[in-house]
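Since chain F is already given, all that's left is putting chains D, G and S with the ligands on it; use the hints.
Each chain, letter by letter, is given below.
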Amino acid sequence: MLGFVVGEALRDLRRAGRVAVSAVVLITLSLVALGVFWVLSFNLGRAVAEWRDRVRIIVYLKREPSPAEVPALMQRVRALPDVAGARYVAKAEALASLKRVLGKDAGVADQLPSNPLPASIEVTPTAAGATPDGAGALIQRLAALPEADEVAGGAEWVERLSHWQRLLATIGLGIGATLALAAILTVTTSTTLVLHARRHETEIMRLVGAPEAAIRLPLLLQGLVQGLLGALLALLALAVGHHLAAPWLEPLMSLTIGVPRLEFLTPPGMVTLLAAGAGLGAFGGWLARGRRGLA
Amino acid sequence: MLGFVVGEALRDLRRAGRVAVSAVVLITLSLVALGVFWVLSFNLGRAVAEWRDRVRIIVYLKREPSPAEVPALMQRVRALPDVAGARYVAKAEALASLKRVLGKDAGVADQLPSNPLPASIEVTPTAAGATPDGAGALIQRLAALPEADEVAGGAEWVERLSHWQRLLATIGLGIGATLALAAILTVTTSTTLVLHARRHETEIMRLVGAPEAAIRLPLLLQGLVQGLLGALLALLALAVGHHLAAPWLEPLMSLTIGVPRLEFLTPPGMVTLLAAGAGLGAFGGWLARGRRGLA
Amino acid sequence: MIELHRVSKVYEVGPVKVPALTDVSFHLGKGEFVVLTGPSGAGKTSLLRLLYREELPTEGDIEVLGQPVTELSRAKVQTLRRSIGVVFQDAKLLPGRTVYENIAFVLRVTGTARREITARAFDALRAVGLSSRAQAYPAQLSLGEAQRAALARAIVRQQPLLIADEPTGNLDDAMAAEVLAIIKDIWTSGTTVILATHQARLARTLRRRTLMLEAGRLVKDEG
Amino acid sequence: MIELHRVSKVYEVGPVKVPALTDVSFHLGKGEFVVLTGPSGAGKTSLLRLLYREELPTEGDIEVLGQPVTELSRAKVQTLRRSIGVVFQDAKLLPGRTVYENIAFVLRVTGTARREITARAFDALRAVGLSSRAQAYPAQLSLGEAQRAALARAIVRQQPLLIADEPTGNLDDAMAAEVLAIIKDIWTSGTTVILATHQARLARTLRRRTLMLEAGRLVKDEG
Ligand SMILES: Nc1ncnc2c1ncn2[C@@H]1O[C@H](COP(=O)(O)OP(=O)(O)OP(=O)(O)O)[C@@H](O)[C@H]1O
Ligand SMILES: Nc1ncnc2c1ncn2[C@@H]1O[C@H](COP(=O)(O)OP(=O)(O)OP(=O)(O)O)[C@@H](O)[C@H]1O
Ligand SMILES: [Mg+2]
Ligand SMILES: [Mg+2]
Chain F
1 MLGFVVGEAL
11 RDLRRAGRVA
21 VSAVVLITLS
31 LVALGVFWVL
41 SFNLGRAVAE
51 WRDRVRIIVY
61 LKREPSPAEV
71 PALMQRVRAL
81 PDVAGARYVA
91 KAEALASLKR
101 VLGKDAGVAD
111 QLPSNPLPAS
121 IEVTPTAAGA
131 TPDGAGALIQ
141 RLAALPEADE
151 VAGGAEWVER
161 LSHWQRLLAT
171 IGLGIGATLA
181 LAAILTVTTS
191 TTLVLHARRH
201 ETEIMRLVGA
211 PEAAIRLPLL
221 LQGLVQGLLG
231 ALLALLALAV
241 GHHLAAPWLE
251 PLMSLTIGVP
261 RLEFLTPPGM
271 VTLLAAGAGL
281 GAFGGWLARG
291 RRGLA
Chain D
1001 MLGFVVGEAL
1011 RDLRRAGRVA
1021 VSAVVLITLS
1031 LVALGVFWVL
1041 SFNLGRAVAE
1051 WRDRVRIIVY
1061 LKREPSPAEV
1071 PALMQRVRAL
1081 PDVAGARYVA
1091 KAEALASLKR
1101 VLGKDAGVAD
1111 QLPSNPLPAS
1121 IEVTPTAAGA
1131 TPDGAGALIQ
1141 RLAALPEADE
1151 VAGGAEWVER
1161 LSHWQRLLAT
1171 IGLGIGATLA
1181 LAAILTVTTS
1191 TTLVLHARRH
1201 ETEIMRLVGA
1211 PEAAIRLPLL
1221 LQGLVQGLLG
1231 ALLALLALAV
1241 GHHLAAPWLE
1251 PLMSLTIGVP
1261 RLEFLTPPGM
1271 VTLLAAGAGL
1281 GAFGGWLARG
1291 RRGLA
Chain G
2001 MIELHRVSKV
2011 YEVGPVKVPA
2021 LTDVSFHLGK
2031 GEFVVLTGPS
2041 GAGKTSLLRL
2051 LYREELPTEG
2061 DIEVLGQPVT
2071 ELSRAKVQTL
2081 RRSIGVVFQD
2091 AKLLPGRTVY
2101 ENIAFVLRVT
2111 GTARREITAR
2121 AFDALRAVGL
2131 SSRAQAYPAQ
2141 LSLGEAQRAA
2151 LARAIVRQQP
2161 LLIADEPTGN
2171 LDDAMAAEVL
2181 AIIKDIWTSG
2191 TTVILATHQA
2201 RLARTLRRRT
2211 LMLEAGRLVK
2221 DEG
Chain S
3001 MIELHRVSKV
3011 YEVGPVKVPA
3021 LTDVSFHLGK
3031 GEFVVLTGPS
3041 GAGKTSLLRL
3051 LYREELPTEG
3061 DIEVLGQPVT
3071 ELSRAKVQTL
3081 RRSIGVVFQD
3091 AKLLPGRTVY
3101 ENIAFVLRVT
3111 GTARREITAR
3121 AFDALRAVGL
3131 SSRAQAYPAQ
3141 LSLGEAQRAA
3151 LARAIVRQQP
3161 LLIADEPTGN
3171 LDDAMAAEVL
3181 AIIKDIWTSG
3191 TTVILATHQA
3201 RLARTLRRRT
3211 LMLEAGRLVK
3221 DEG
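Residue numbers (my numbering), protein chains in the order written: chain F, 1 to 295; chain D, 1001 to 1295; chain G, 2001 to 2223; chain S, 3001 to 3223.
Keep in mind that a hint or two might mislead.
As the list claims (entries may be wrong) - Each pair of labels, with its calculated beta carbon distance range: (1) G:G2029 <-> F:E203: 27 to 35 Å; (2) D:W1286 <-> S:T3205: 45 to 53 Å; (3) S:K3220 <-> G:R2126: 27 to 35 Å; (4) G:L2072 <-> S:K3220: 47 to 55 Å; (5) S:P3015 <-> G:E2178: 24 to 32 Å; (6) D:L1010 <-> S:K3220: 51 to 59 Å; (7) F:A49 <-> G:S2073: 55 to 63 Å; (8) D:L1010 <-> F:R11: 48 to 56 Å; (9) S:T3118 <-> D:L1002: 15 to 23 Å; (10) F:K99 <-> D:L1236: 58 to 66 Å; (11) G:A2075 <-> D:A1239: 30 to 38 Å; (12) S:A3075 <-> G:E2003: 58 to 66 Å; (13) D:A1239 <-> F:G258: 32 to 40 Å; (14) S:H3027 <-> G:E2012: 47 to 55 Å.
Source of the hints: derived by calculation from the structure; they are not laboratory data.
Every residue gets a Cβ at the ideal spot worked out from N, C-alpha and C, and that includes glycine.
Looking at chain F on its own, in the form it has when it is part of the complex:
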């Protein structure tokens, strides 16, 4: 039976000619579109993760602690939940970085009679502490320190980051869903049409007593092979596209979103893509079992 099914599926594929080619190309295109979107959001995700790493919350201190007091204070800060790291910034260091920020106008700082900047602690939150809610809680905890004068930075930046993420996720979900829908509809329509074209044939097969499996399994297998082929081609196209586009896009990316490399799909991602193709194809083939044709 297996031999029969495989043989029939292969012969169908050979015979289907242009239709089979079209189906494969459509699956390829759908998956390429999905894949491009996937690669992009994967890399944007990396950028977001990197930005999140750069989130800092600044705790301004009421007075500059003596060098002996600093280690104990830092230990208390580091022990707070959601704190990944903390760095002490003395008054002198703060002035130095203000000068760096002023750049052209650094002369202003030199003319100051005394250093007006407070000492501070630069807190790096954990991933949980970098979410809007987590950051809010962390800021409250830091503000509760007796040494803290004011807590700044971080909050708006984190909020802004989360807005970006939500924007990307919303748009991405919309485009992704439309593409996936188009891919599924395309595959099912073309198989329905193929089926319609051969309804006459499956009807005759049934009339001469062919069991359902002998009619359906080859169609399923054929769809699976087409889908797999489409997915392989899509993967190839994506790889070639990545290879060609990366040198072009990477300088742009590092200048804009601050990520220097355009990563390709991970091996599990590739397997998922192949499985999606095979699944799509098999689904189409299964639909093409041809009990009811078209009006």
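Frame of chain F; chains D, G and S with the ligands shown alone:
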């Protein structure tokens, strides 16, 4: 003859049933995907234009000119090519804005014995002057002014902007091209398949002497109607989607890209979309003339 | 073998009801050779279609090879069909397969060994005089050749029941005689045969039991 | 009217060459009634197909209604076909249209007025005894009915040439006689008729000029 063609096209549409519905839905989906992409890039384009408007080049002056000298100087600057506007910033105004920038640390400025900031001219370049090349030339021209001490700002920012634009354009072109290809392929495949299903029929029509026009025009008209219908549905879906998504996306957009409204397609854009649908459908119908079928 | 009890068949064409068979009953024993005759549109094809359940009767009961065909599950219908050889009036060859593949197909679905398939398919083709056209597709056959290919496919599995709907309709007299001789051979080897024809002359020359339909009613059962 | 000069037709089935017609020449005058006969596979249908250019000959020249069919442009071929009524051996009804629509279609493509179409279509259906089945789709017809519908479609345009390929192949004797009577009527009204049949008996009873094909060669031209 016209009555015959329209009659045949209508009867074909009625008969085609599920196939016709699928074709319309596929055209709709393709156009929705294209439309979403279009709306997004249109709005991003607006953001870019807005950013570009905000590009400023600062000319720091060697010494603060006397109030009487200012108008003549400004007139010379405004007469330079690629300058859209120029604003004079006196030393006192510069210090005030430094205080605003420092915010929390504004106390620093109050402690200054004298104002260390130079007077400057804030130049707004024209669109041509905001391109990387244009800005470079403009900066050279400004630096050549005898009053100019140093020219800053603008250049890197403009470069950065142009990188963003290139990134968006490259990605957008890729996604757009893939989608358009998928749409065309989908339509032609489904019409090829429809044609295949009725090749037998067109063959008989030819054998009884039906002129080519009587066979092809109804198919073309049918494709055109399907495409138009698909485009109308796509437009409707886009409008509804825009209506639903706008309140969601607009706060995100104003926080991220700085554009407060998600604009919909302009009327000419809508007409273009409808024409694209009709064109796609008619192209499919024209392909379905059925001289050569499938293997 | 075959038993029809008060069978009626009414087709519905939109709002119009087309009665194709009205109150038909008869019994056919194992090993019989019966000729079904009647003018065009009398209901011959409709009657045969009920036997291998291409259609369900509007009323009445049908038993074929000991099975109540109206009550069979889908899988059982396919099994039943595998024990019936049918020469369809319009041949019904698979359009995408050559003559040889058409015949091999019905052997493959019953799990016949590959080597045996080739031998038996060519035996059948030789019997109907078509071995030289084995590689042609159905569209490349004359109508008479298509009908002979359909006959070859119907006899290659050597089933207990052979249903032949106008197997000589598109054949000249000499070839028709040959085809009838083949069918008689098969009958002699034990197969029950039911043969439909609109040619009254042919029905007479066969000199077998004859069922005559007229406007869907069984008007004669003799011989 | 019709002129064949040393016409041959060889089909290619993969690497195999199938000679369907070999060196056939004959002339047919306006208003003639000729019977084309020969056994199954002799090449009757192939010969007729050349006349309305469904196929091109491998060799030789063909003239139909004063036109060199092998040299016509595609548009001219369609025009020529509109002056020929053809009863195809396998009916070739448009499967998605009712019997009435099938007949109306050939009138509509020639631009006949709507009112006239209904009247003429029903006249033709009545002539072949199918007016009660006007709303049925081809799949809902018996084979004999389909053939009569094809005849109705072939005669409704009242063309100067009628080609009938086995128009009585699926009909019982009584109905066959009726159909032949219709064809004779049409011939009497001035239409040239060429009728193919494998039934030697039928060819004899018609008592008209008979062309006999055997394995693609014209072996007899008499009467
Ligand atoms: N699927 C169908 N739907 C509707 N009517 C049908 C269908 N099949 C057959 N009929 C009608 O039923 C009647 C009997 O048809 P059937 O095919 O059984 O005749 P038949 O005796 O085989 O004729 P023939 O000798 O022409 O083949 C005819 O009037 C036919 O039009
Ligand atoms: N399209 C084709 N391709 C290949 N061979 C063909 C084709 N059409 C017909 N033939 C072959 O040409 C020969 C003549 O066929 P044709 O149909 O003309 O016979 P016919 O005289 O009409 O027979 P019948 O009485 O059975 O209809 C046959 O051997 C047939 O197999
Ligand atoms: Mg019948
Ligand atoms: Mg023939």
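Kindly indicate which numbered hints from before are broken by the structure, ordering the numbers from low to high. 8 and 11
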